[in-house]
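Could you build all of it, start to finish, from the sequences and the hints given here?
Just so you know, the protein sequences line up as chains A and B, in that order.
Using this note's numbering, the first residue of the first sequence is number 1, and each one after it goes up by one.
Using this note's numbering, the first residue of the second sequence is number 1, and each one after it goes up by one.
Misleading hints may appear alongside valid ones.
Distance windows between CB atoms, simulated [claimed, not checked]:
id: 1; chain 1: B; residue 1: L39; chain 2: A; residue 2: L114; range: 44 to 54 Å
id: 2; chain 1: B; residue 1: L83; chain 2: A; residue 2: S70; range: 20 to 30 Å
id: 3; chain 1: B; residue 1: N71; chain 2: A; residue 2: A14; range: 42 to 52 Å
id: 4; chain 1: B; residue 1: D84; chain 2: A; residue 2: E8; range: 22 to 32 Å
id: 5; chain 1: B; residue 1: P61; chain 2: A; residue 2: S84; range: 34 to 44 Å
id: 6; chain 1: B; residue 1: K13; chain 2: A; residue 2: R110; range: 21 to 31 Å
id: 7; chain 1: A; residue 1: S3; chain 2: B; residue 2: R63; range: 18 to 28 Å
id: 8; chain 1: A; residue 1: K58; chain 2: B; residue 2: D84; range: 21 to 31 Å
id: 9; chain 1: A; residue 1: L82; chain 2: B; residue 2: I12; range: 14 to 24 Å
id: 10; chain 1: B; residue 1: L83; chain 2: A; residue 2: E66; range: 18 to 28 Å
id: 11; chain 1: B; residue 1: L39; chain 2: A; residue 2: Y61; range: 22 to 32 Å
A few chain A residues facing chain B, derived, Cβ under 10 Å [said to hold, decoys possible]:
id: 12; residue: V4
id: 13; residue: P18
id: 14; residue: K22
id: 15; residue: S28
id: 16; residue: Y32
id: 17; residue: Y36
id: 18; residue: F46
id: 19; residue: N102
id: 20; residue: V104
id: 21; residue: F105
Here are a few chain A residues that sit away from chain B, every Cβ distance over 10 Å (derived from the structure) [stated by the list, open to error]:
id: 22; residue: P7
id: 23; residue: Q45
id: 24; residue: Q71
The hints are simulated quantities; they were obtained by calculation from the structure and are not laboratory data.
Glycine residues also receive a C-beta, built at the ideal position from the N, C-alpha and C atoms.
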Amino acid sequence: AQSVAQPEDQVNVAEGNPLTVKCTYSVSGNPYLFWYVQYPNRGLQFLLKYITGDNLVKGSYGFEAEFNKSQTSFHLKKPSALVSDSALYFCAVRDTENYGQNFVFGPGTRLSVLP
Amino acid sequence: ETGVTQSPTHLIKTRGQQVTLRCSSQSGHNTVSWYQQALGQGPQFIFQYYREEENGRGNFPPRFSGLQFPNYSSELNVNALELDDSALYLCASSAYSQETQYFGPGTRLLVL
Numbered sequence: 001a002q003s004v005a006q007p008e009d010q011v012n013v014a015e016g017n018p019l020t021v022k023c024t025y026s027v028s029g030n031p032y033l034f035w036y037v038q039y040p041n042r043g044l045q046f047l048l049k050y051i052t053g054d055n056l057v058k059g060s061y062g063f064e065a066e067f068n069k070s071q072t073s074f075h076l077k078k079p080s081a082l083v084s085d086s087a088l089y090f091c092a093v094r095d096t097e098n099y100g101q102n103f104v105f106g107p108g109t110r111l112s113v114l115p
Numbered sequence: 001e002t003g004v005t006q007s008p009t010h011l012i013k014t015r016g017q018q019v020t021l022r023c024s025s026q027s028g029h030n031t032v033s034w035y036q037q038a039l040g041q042g043p044q045f046i047f048q049y050y051r052e053e054e055n056g057r058g059n060f061p062p063r064f065s066g067l068q069f070p071n072y073s074s075e076l077n078v079n080a081l082e083l084d085d086s087a088l089y090l091c092a093s094s095a096y097s098q099e100t101q102y103f104g105p106g107t108r109l110l111v112l
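Dropping the structure here:
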């Protein structure tokens, strides 16, 4: 069965500093990996995805993520954090051997960017 | 292009009652998935509909049921509500041949 871990409940970073939100996954086949962001009382907004190809994926709002197959990781990064990036971030995986398009989400990481 | 919409935004029910939540998919999308997000947790997959047929189900009891209509909009029905059903219910749509799901704003259900 597929699973996702986000080892940090909370990440604090100063505005202007680089940020990293960690994600590791487990699947039977090859993974499709996603990052979503959730602002208070809102649904999830799509940030970026890895399907195949280049291990470094660029997405919305200056975010990027690096797929590392040997470490089964897909960490979200941004070179310079903004206060407006403060939100709840979810990593999700879909197993290509489970084609019911069932996304499994991690528990979320709350990012706080301090001015 | 119209995004995913959900109604109502908030709902209060009592234990044992039944509830219906509605979702309109994004233009061009034929697949709808429903998720339950309890407070402080990640979304949990309930089920998915593709062309009016259930196309996958998570670990939820049969009192959670759904429908998809010819225009690809969808309903989530929950019977015999329990206190633990209190959560944010999220609908997501996608084009079946693509991998990305786009989420609506959710319906917050409170069961008293």
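Hint check:
no.	hint	verdict
1	B/L39 to A/L114: 44 to 54 Å	violated, 25 Å
2	B/L83 to A/S70: 20 to 30 Å	violated, 44 Å
3	B/N71 to A/A14: 42 to 52 Å	holds, 48 Å
4	B/D84 to A/E8: 22 to 32 Å	holds, 27 Å
5	B/P61 to A/S84: 34 to 44 Å	holds, 40 Å
6	B/K13 to A/R110: 21 to 31 Å	holds, 29 Å
7	A/S3 to B/R63: 18 to 28 Å	holds, 26 Å
8	A/K58 to B/D84: 21 to 31 Å	violated, 40 Å
9	A/L82 to B/I12: 14 to 24 Å	violated, 36 Å
10	B/L83 to A/E66: 18 to 28 Å	violated, 42 Å
11	B/L39 to A/Y61: 22 to 32 Å	holds, 26 Å
12	V4	holds, 8 Å
13	P18	violated, 25 Å
14	K22	violated, 15 Å
15	S28	violated, 16 Å
16	Y32	holds, 5 Å
17	Y36	holds, 7 Å
18	F46	holds, 6 Å
19	N102	holds, 5 Å
20	V104	holds, 7 Å
21	F105	holds, 4 Å
22	P7	holds, 14 Å
23	Q45	violated, 7 Å
24	Q71	holds, 21 Å
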